[in-house]
Amino acid sequence: DAGVTQSPTHLIKTRGQQVTLRCSPKSGHDTVSWYQQALGQGPQFIFQYYEEEERQRGNFPDRFSGHQFPNYSSELNVNALLLGDSALYLCASSLEQGRRSPLHFGNGTRLTVT
Amino acid sequence: DAKTTQPTSMDCAEGRAANLPCNHSTISGNEYVYWYRQIHSQGPQYIIHGLKNNETNEMASLIITEDRKSSTLILPHATLRDTAVYYCIVSEGGSEKLVFGKGTKLTVNP
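Those protein sequences? They're chains A and W, same order as listed. For the first sequence, our numbering begins at 1 and goes up steadily by one. For the second sequence, our numbering begins at 1 and goes up steadily by one.
Rather than coming from a laboratory, the hints here were simulated on the basis of the structure. It is possible that part of the hints are untrue.
Claimed, not checked - Here are the simulated EDC-like cross-link-like pairs (lysine to aspartate or glutamate), alpha carbons at most 16 Å apart as the crow flies:
| id | chain 1 | residue 1 | chain 2 | residue 2 |
| --- | --- | --- | --- | --- |
| 1 | W | K69 | W | E31 |
| 2 | W | K97 | A | E54 |
| 3 | W | K97 | A | E96 |
| 4 | W | K52 | W | E92 |
| 5 | A | K26 | A | E75 |
| 6 | W | K97 | W | E55 |
To be verified - Covered stretches of chain A (chain W as the covering partner; in silico rule of three or more C-beta atoms under 8 Å from a C-beta of chain W):
| id | stretch |
| --- | --- |
| 7 | 41-52 |
| 8 | 58-70 |
Cβ atoms here follow ideal geometry from the backbone N, Cα and C, with glycine treated the same way.
Sequences and hints are given; from them, build the entire structure.
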């Protein structure tokens with residue numbers, strides 16, 4: 001049973017560029033959340049997708065956008081990259097029907113902006 | 001901001017029990033206590049959660065005080081592989097937005 005998979009594992013971009021990160025949820029899960037984790041900090045919630053719509057959003061600018069596909073996989077897009085966007089980006093999946101069910105996290109994409 | 005307070009770091013000897021405390025004095029009646037851990041270079045891993053009763057699973061035990069203002073995660077026989085950052089989180093729903101603090105860095109020593 002495959003867990004949450006994310007691609008790529010590492011990425012280097014230049015300031016001002018755009019990036020797309022991808023996530024496949026755990027089998028049977030229908031909800032995907034994205035988190036940003038700066039070095040030495042806990043993960044911070046970016047947004048959550050369910051039924052292909054953004055359901056909740058954290059305190060992140062509109063440069064951060066996402067998408068969920070009919071197969072429940074998801075993408076995170078970041079435009080006009082800033083040096084401060086360098087971080088580990090984590091995807092987590094869960095079951096909507098089990099709102100108290102725990103999140104299952106992938107191992108993240110390490111984004112470096114130079 | 002995180003609604004929990006945890007010590008920055010703790011040490012434990014291999015084979016001994018690790019007891020990780022968490023304060024959540026402003027927890028509301030419908031909020032659960034969740035524990036996750038993050039081993040270096042990996043994503044967070046769910047450990048256990050509870051509302052008001054003590055809980056136990058194959059990984060750990062969770063002890064919640066009667067007033068629910070604090071809890072303790074217990075790893076009964078810590079191993080070197082338990083070295084990680086442990087996060088205590090309160091949330092109404094486990095799949096809703098989780099607010100992580102900085103967690104407790106647990107180091108298990110041989």
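Status of the hints after comparison with the structure:
1. K69/W with E31/W: Roughly 11 Å separates the two Cα atoms, so the pair holds.
2. K97/W with E54/A: Roughly 12 Å separates the two Cα atoms, so the pair holds.
3. K97/W with E96/A: holds, 13 Å
4. K52/W with E92/W: holds, 13 Å
5. K26/A with E75/A: At roughly 15 Å apart (the allowed maximum being 16 Å), E75/A and K26/A satisfy the hint.
6. K97/W with E55/W: Not OK: K97/W and E55/W at ~23 Å, beyond 16 Å, violated.
7. 41-52: holds (count 6)
8. 58-70: violated (count 1)
Checked against the numbered hints listed earlier, the structure breaks hints 6, 8; every other hint is satisfied.
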